Amino acid sequence: MQFGFFGAVACVLACAAAHAQDTPLAFTHARVITASGPEIADGTLVVHKGTILAVGDAGQVAIPAGAEIIDARGKVIMPGLVDTHSHIGGAGGADGSAPIQPDVRVLDAINPLDSGFRRAVAGGITTVNVMPGSGHLLSGQTVYLKLRRKAGKPFARIDDLFIRDDKGNPTRGIKMANGTNSQREAPFPGTRAKSAALVRERFIKAQEYAAKVEAARNPDGTFDPAKRPPRDLGLEALGDVLSGATVVHHHTHRADDIMTVLRLQREFGFRVVLHHVSEAWKVADEIAAAGAGCSIIVIDSPGGKLEAAELSLGTGGALERAGAAVCIHTDDWITDSRRFLRSAALAVRGGMSREGALRAVTLAGAKMLDLGERVGSLEPGKDADFLVLSGDPFSVYTKIEKTYVEGQLVFDLANPEDHLFAVGGFGAGRDQEPYLCCAKQALQDAGIGGGE
Amino acid sequence: MTALAASASAQVAIRADVVHTMAGEPIRDGVVLMRDGKIEAVGPATQVKIPEGYTLLRAAIATPGLIDARGTVGVSGLLNQKQDQDQLDRSSPIQPELRAIDAYNPNDPLVQWVRSFGITAVHTGHAPGELISGQTMVVKTSGRTVEAALVKDGVTVAATLSPWAQKSGDRSTGTRGKMVAMLREQLIKAREYREKRESKAASALKDSPTDTSGDSKPETTKEEPARDLRLEMLGRVIAGEVPLLVSANRAQDIQNVLRLADEFGIRVILDSGAEAYQLIDEIAARKIPVIIHPSMARAYGELENMSVETPAKLVAAGVRVAMQSGYESYVPKTRVVLFEAGITAAHGLSFEQALALVTRDAAMILGVQSRLGTLEPGKDADVALFDGDPFEFTSKCVGVIINGEVVSSTPR
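Quick note, the sequences are listed as chains A and B, same order.
Note that this note's numbering has the first sequence beginning at 5, numbered continuously upward.
Note that this note's numbering has the second sequence beginning at 995, numbered continuously upward.
In case anyone wonders, no lab produced these hints; they're calculated from the structure.
If you're wondering where the values come from, they're calculated on a predicted model, not measured in any experiment.
Glycine included, every Cβ here is placed at the ideal spot set by N, Cα and C.
Watch out, some of these pointers could steer you wrong.
What the hints assert, rightly or not - Here are a few chain A residues that sit away from chain B, every Cβ distance over 10 Å (derived from the structure): (1) R109; (2) P116; (3) E218; (4) A219; (5) T264; (6) S305; (7) G308; (8) V352; (9) Q412; (10) A418; (11) A432.
Claimed, not checked - In silico contact screen, one side only, chain B against chain A (beta carbon under 10 Å); selected entries: (12) N1099; (13) Y1187; (14) R1188; (15) K1190; (16) P1219; (17) A1220; (18) F1258; (19) E1303; (20) G1336.
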C-alpha cells in the first residue's frame, strides 16, 4: 500500500486558507521531538505564515529579523498529534435503513461547537479523522479535519476545518466494519459470512458502475451523457475506494475478522487501514506481509465485548516488531482526546519502542490519512502544527501547555477558558450525546446514560 | 481461611529503593519482612536485617497493596455478556438484601487483570443504577472462592440518588423528588422494624429466665415483625453499623444526599461526586468521605462537569477521599485505580496524597484499616512492587504480594 501520493496535492488550497501569521515565531532552546529525525536536545523551531520555516540545533538555526522569540528552555516541542479515529462532534453517519451506505458523509452531521473539539486541542490533537460509527458494514464517508480556531473563538464552522484536496473537496476516508457490531436484524447481516457476501456484492456493483462510467468517457476526457449511467452517490464513493483515491478505515477486532478484511482487500485492491485490531498480535506477520497499516486503540482493560476479550497492551509492540505500520487513535469518547499521549505511553509500557509510539500519534497517523507530506512531523515546509509541553510527552506529570495549528494558538492552558476544557469543571460539559451504536446501547442497557 | 493457611509458611522479604509505608515518611532503601501472611517488620535496610530462609524480592518502589475503593470487578465480568453481569438487578428499585458475596466470581479474568497492576483488594459489589441496588464487600484479588478472598462483607449498602436510577414512562422512580421520598419511606420503615425487633429481643432476654411455661404473651407476638431481609439490612444502616454509599454527581443530587444524612443521622459515603467541588464546605462539615469518580471517567451526562482537580480540592478541605474504578458498561470493562489516582498526582495532590487515595484512606473509608492500607507490622502482607514511579504510565508493576504470597511477578 502506498501512502503519501495524494497527500502532496492535498496541501495547496488549505494552506492558502491558513490564518495569516505575519510575524515569524521562533521557539528557542527547547527539547524538540521532530518525529522524522532524532530528538534535538537544545533546539529551535521557527514558524511563519502557518508553515515551518526551520527546525534544528539552537546554535545553527537562523532566526529571521523581526521574529518574535519565545525562550522555550525546559519545554518540549513536538508535532501536533494526529488522531486517525475519533467521534468528536456527536456525529452519526449511516442510519438504520441499510448496512452499506457509502453515500452518507459524516461532515454533514458534525457539530463543531461540541466540547469534544475543545478537549481534542487540549489533548494536543491538531489533525483528526472524524468517523461515523461501527454499527454498519459501511457507515459512510469520514472526514479529515484540522482543528483550526481563531483565538478566543469557538470552532464555529465545519467547513473551516476541512483539509481540501486539489479540487477543493474535503479529504476523507470510508468507514467499514466487520465482526459483531454490524450484525443485527435484516437487512443487516446476521453472520460473518453474510457480512462479507454483502460487501463483495456491493463492490462488484461498484466495479461494474465504474466500468460503465469509463465506457462513457470520450477521448477528450468528457463523458457521453447518453452512455453514462445515472449518478449514484454511493457507487461513486466506492469507485474512489476502488481507484485507490479513498482509503478504507476498517473497524475489525478478532484475528479471523482481520484476515477477512485482508482477503477482501486482495480481491478488490482497495487501500486499507485496520482499526482497533484487538487481536492483531495473533496475526502481526500476516498484517505486515499484506502491507496494511494498523490504527490501534489502547484500553485500560480487555473485554467489554466478546471481540475485545483478548485485547492486549502488547499489540503496538507486536505489530512494530513484525514490521507493520502502526498508529494509535483515541476512538473518542471510548478514550478521551485529552489523554491521547497516555495511549502512546501505555503502548510503550506494553512493549512498543519509544520512537515508534511517538510516531504512532504523529507521522505514522498522518501517513495513514495520506497527509504525511504535510503534517505529523516538524520539518521545514510542513504545516506549523505543534505542541509546547512542560516535560516528557509520556509522563503523567507533563502538561500540554500550548497547541498550535498552522501557526495559530488554538489551545493555551494559561487561558482560563481553555484550562476549563483541559481539566474539567462547571461548563465544560458535552452538549450533545455521542453517537456510537454499540456503546450507547450498552449504556442504556445498564441504565447509565439516560433512562432505560 | 484456607488460602491464608496455605500460604502461612511463606516468608518473604522485600528490599526496595523506596518503601512508601503510608504510615510515616517514605523509607529509603527499605525492607519489608512478611511471615505467615502478615507484615512482620518494616524499616531501613540498615535496621531491619533479612533473616535466613526468606525469599528476597527487589524493586525500585514498594507500596501497600492498592485498594480499588469502588468497583464492580468480579461481579461485572470481562465478557460483558448477560451471564457474567451481576452488578444490577432491575426488578425492583430497592433491594438492599442483595449480597455481593452471592454475586462474586473470583475467577473472572478482570480480577487478575487489576491485580497485575498492584491492586490487591477491591471494594466491589452492586453498581449504581437503582435507588438501592444492593450490598458491597471488600475482597482480596486472590483466592479461588469468595470466602477465601473476603476481607469484609456488607461493607456498604449502595444507593443512587441521580437520574442514573431514574425510570422512564409511568414507573417509579421517575423523578428526583420521588426517589428521595421512596428512600425516606424505606429508612423510616427500617427504623421502626429495627426498634420492634430490638425491643422484642430485649423483652425476650428479660423474660427467658422465668418464662419456663412455654406460654408466650399474645400481644408481644403480634408486635414482633417477621424477619425481613430488606429492612434488616437497612436497619443496620439506620443503626450506623453500615454506611449508605450514595452515588450522586450533580450538586443538586449531592445536596439531597446531605439532607438525607442530616435527617436520619446515618453514615454516608458519597460515591462519584462529580460536582462535589460545589459543596466542599458542606461535605467537610459533615465529615462525609468521598469515593471520587475515576479521573478519566467520561465527562458526559451526569459527569459532564467533572474535574480532575476535585480530589485535590476535597483533600485540601480535610475531606477523606478514595479513588474508584467505577462501573463500566462497555469498553474498557474496568478502569485501573493505579492510573486514575496517578492523574490526581498531576493535578494538585502530592505523590503520597494521591497514593493515599488507593491505600490508607481507601482502607479507612471502607473500615478495613486494621488489616489493609499501610505497611505496618501486624497488617496483612499485601504489597505492590514497581520498577519506577508507580504513577508513571511507562513504569511497570513488577510484583504483587497478597497475604504474604507472590501472586504476580510478570511485569505489567
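Taking the hints in turn, this is what the structure says about them:
no., hint, in the structure
1, R109, "holds, 25 Å"
2, P116, "holds, 18 Å"
3, E218, "holds, 43 Å"
4, A219, "holds, 47 Å"
5, T264, "holds, 21 Å"
6, S305, "violated, 4 Å"
7, G308, "violated, 4 Å"
8, V352, "violated, 5 Å"
9, Q412, "holds, 26 Å"
10, A418, "holds, 16 Å"
11, A432, "violated, 6 Å"
12, N1099, "violated, 13 Å"
13, Y1187, "violated, 28 Å"
14, R1188, "violated, 30 Å"
15, K1190, "violated, 34 Å"
16, P1219, "violated, 32 Å"
17, A1220, "violated, 31 Å"
18, F1258, "violated, 26 Å"
19, E1303, "holds, 5 Å"
20, G1336, "holds, 5 Å"
The structure shown violates the earlier hints numbered 6, 7, 8, 11, 12, 13, 14, 15, 16, 17, 18.
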